[in-house]
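A.B. asks: Sequence:
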Amino acid sequence: MDVSIFGSGYVGLVTGACLAEVGNHVLCVDVDADKVALLNAGGVPIYEPGLDELISRNRQAGRLEFTTDATAGVRHGLFQFIAVGTPPDEDGSADLRHVLAVAASIGEHMTDYRIIVDKSTVPVGTADRVGATVREVLARRGLDLEFDVVSNPEFLKEGAAIEDFMRPDRIIVGTDNPRTGELLRVLYGPFNRNHDRFMLMDIRSAELTKYAANAMLATKISFMNELSNIAEAVGADIEMVRVGIGSDPRIGYQFIYPGCGYGGSCFPKDVRALERTAAMLGYQPQLLQAVEAVNDRQKAVLFQKISEYFHGDLADKVIALWGLAFKPNTDDMREASSRRLMELLWEAGARVRAYDPVAGDEARRLYGERPELILVDNEMDALAGADALAIVTEWPQFRSPDFAGIKARLRQPVIFDGRNLFDKAQMRLCGLDYHSIGRRPVSSA
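With the sequence shown counted from 1, adding 2 to any position gets you my numbering.
In short, the hints are calculated from the structure, not lab data. All values reported here derive from a predicted model rather than from experimental measurement. Some clues are possibly wrong.
[Claimed, not checked] Label pairs and their calculated CB-CB ranges:
id, residue 1, residue 2, range
1, Ala317, Val24, 54 to 60 Å
2, Arg195, Gln414, 55 to 61 Å
3, Asp34, Glu55, 19 to 25 Å
4, Gly370, Val188, 46 to 52 Å
5, Leu202, Ser58, 20 to 26 Å
All C-beta atoms in this analysis are idealised placements derived from N, C-alpha and C, irrespective of residue type, glycine included.
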């Protein structure tokens, strides 16, 4: 099938590459000429494991192309995927300007039937606005062309997006036209072979499903972080509590790991957008507000532990930081816990020596060259001259480090672990002070 995808960011690139991989002819359209030039030269503007090879293979096969030409994009594909960004507006609601601009472009250039697929994460009711925009542009052109608008939310985890697309848990399609639903079923057929994952529903239910999924996962994280603070106060071990409650099949073990807060491009933005949608309808979403408030507070927990350890005097202290990305296997630092920690440390007069396997360039882009941030090439170099080590991203290579080497390099033998990577007894044996989440601190003395 011929598929056009508007937006060559994270969702658009993964969607386009995976659809091309199973034989479709995909044309990706983006307004950023530099990004398109990079992609046509063989580069990839984001980090996602396996994506560069997937794009390269399908470009060479002629199944995946990139352009800035919106007219070509509209005329190319029966399916017109909208996969542009929906950044939060000042009030927390999703900014739909880019989505509606693509809708207007489709209306301006279409000459026959098109299926417009909302792939971007958008508020309930967006399909109606997209449809209204297309009809308005067509009316100005004096045309009455048939088209359908479909909600097809993405459920891609950064760091595992290709696997998620190729072997999905579910394929949600919201449409009011049964014929259109069957056409989407055919498009997604190669990803739906082992058992039926295709779920057809009305458009508004599909739009809400995406927000509901992310809000539920964010709620589980904030709930465990709330429990972790209670556990620490009463002298319990949140890791033991986690195992105890996770053994209940009604709860399970996924997304009940305590830590220093969630970040990224999805959970924070989507929780706020759903809050805003509810508020606009006159409903106060108290639970969602609490989820966001708990997460905001949790991002300051590591700083509070570091400040208390040094008796509130962090002036000229050097903190080694392992991890900058909001999670492993991505370079995404949007709303990452590392950013809050670094900014609080800088306000207190401390400096940071940081290492991340892939997010160093993104940190340079965000913060530039500044004396209070030194980015190094490996995790052990981050420890040179540091007064303490803080861990905020659970990269696999951080899970079993050289503890003797850590102790030898630090001015003071102390680790602040925002992801509970290490065993407390082992830390005591290694002669390290150890402060983690939801557990009593370990003293080397």
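A.B. asks: Give a verdict on every hint.
C.D. replies: Verification of the hints:
no. : hint                        : result
1   : Ala317 / Val24: 54 to 60 Å  : holds, 58 Å
2   : Arg195 / Gln414: 55 to 61 Å : holds, 56 Å
3   : Asp34 / Glu55: 19 to 25 Å   : holds, 23 Å
4   : Gly370 / Val188: 46 to 52 Å : holds, 49 Å
5   : Leu202 / Ser58: 20 to 26 Å  : violated, 34 Å
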